[in-house]
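A.B. asks: Listed below, chain by chain, are the residues.
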Amino acid sequence: MSNVGIVIVSHSPLVAEGTADMVRQMVGDEVPLAWCGGNGHGGLGTSVEAIMGAIEKAWSEAGVAILVDLGGAETNSEMAVEMIGEPRAQKIIVCNAPIVEGAVMAATEASGGASLKEVVATAHELSPS
Amino acid sequence: MVAMAASDLSRLIAAAADTIAAHADELTALDQAIGDGDHGLNMKRGFEAVRAEADTFAVKPLPEALKAIGTKLVMTVGGASGPLFGTLFMALGKEISAEPDRAGLTAAFGKAIEAVAARGKSQTGQKTMLDVLQPVHEALAEGKTAAEIVAVADRAAQATVPMKALRGRASFLGERSIGHMDAGARSTALLVRAVAETIERHA
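Residue numbers (the numbering used here), protein chains in the order written: chain A, 17 to 145; chain B, 248 to 450.
No wet-lab data here; the hints were simulated from the structure.
Please note: incorrect hints may appear among the correct ones.
[What the hints assert, rightly or not] Using 25 Å as the maximum straight-line C-alpha spacing, the simulated DSS-like pairs for lysine-lysine come out as follows:
1) A:107 <-> A:73
2) A:107 <-> B:411
3) B:307 <-> B:368
4) B:368 <-> A:133
The task is simple: from the sequences and hints, build the whole structure.
C.D. replies: Given below as structure tokens:
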């Protein structure tokens, strides 16, 4: 698929899956989508391994935008991107946006064939900084 | 410091994993006060995973062993502490030589602290592990003894109590984060003690 992929990373698998459901409702199968949540051991948290797996699943040559909830999800996502390494790492961006709104807006933008830069910019508009 | 034998690294791993396991409840309690309360369990999981593969790590040259330990922590801790402590070890492995003298260790440790600061987008004074790492680095550079370095680390962790958290979950509490020790600062001090005392004992 040539559309930008979306990865949702929450501390809670329920939040991640629910967010993914909302994204699917908007864009169906037009956007590669994957989610992960939880520390990999049944508790709340985020797992670098699971994030790397989600990036693989949602991989698109057009790039991947990652939406995260709290700080640990961001730090672990950045670590995952680094461990995936170049050349793919430069096509993966961790967005600074609210996870639910950001994922839905970013995916909607991606479904129209927008570039990674445009998809990320759409998500970032939600976070006045 | 001279060449590190495989048995030395095994001892260091055991000492680190032992202290984290022994203080897991305390670390969790500290984190519950001003965070999400998973620090003790997460760190224990990570260091037990490192302990489980200690034999594999111990036969590697020091730089490769440290990188592998860091990667293992990243993959197993399950919270932000994974990338932060993992980066500390990975960067230390990247910067250190196979047989570091004190100057080499000090320089590599300094670079590793910079990597942790970049990973956490943080700096000293924000009530984090950096508030212990930085004074320990200074003590190393000043030629302090192992016992002095341990004391510096403990004091530095204690000094996070009156700080207001500016990074991590605790920062959500603002002023209410004041009066509690940072859990990451405490675990860092525990690791410093374990490493310093083990090296001292077997030097």
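A.B. asks: Hint by hint, say whether it matches the structure.
C.D. replies: Here is how each hint holds up against the structure:
1. At most 25 Å may separate the alpha-carbon atoms for a hinted pair to count; residue 107 of chain A and residue 73 of chain A meet this at roughly 15 Å.
2. As the CA atoms of residue 107 of chain A and residue 411 of chain B are separated by approximately 37 Å, the hinted pair breaks the 25 Å bound.
3. A hinted pair counts as satisfied when its Cα atoms are at most 25 Å apart, and residue 307 of chain B with residue 368 of chain B does not qualify at roughly 31 Å.
4. In summary, the hint linking residue 368 of chain B to residue 133 of chain A is supported, as the alpha carbons are separated by about 23 Å, within the 25 Å threshold.
Consistency note: the structure conflicts with the earlier hints numbered 2, 3.
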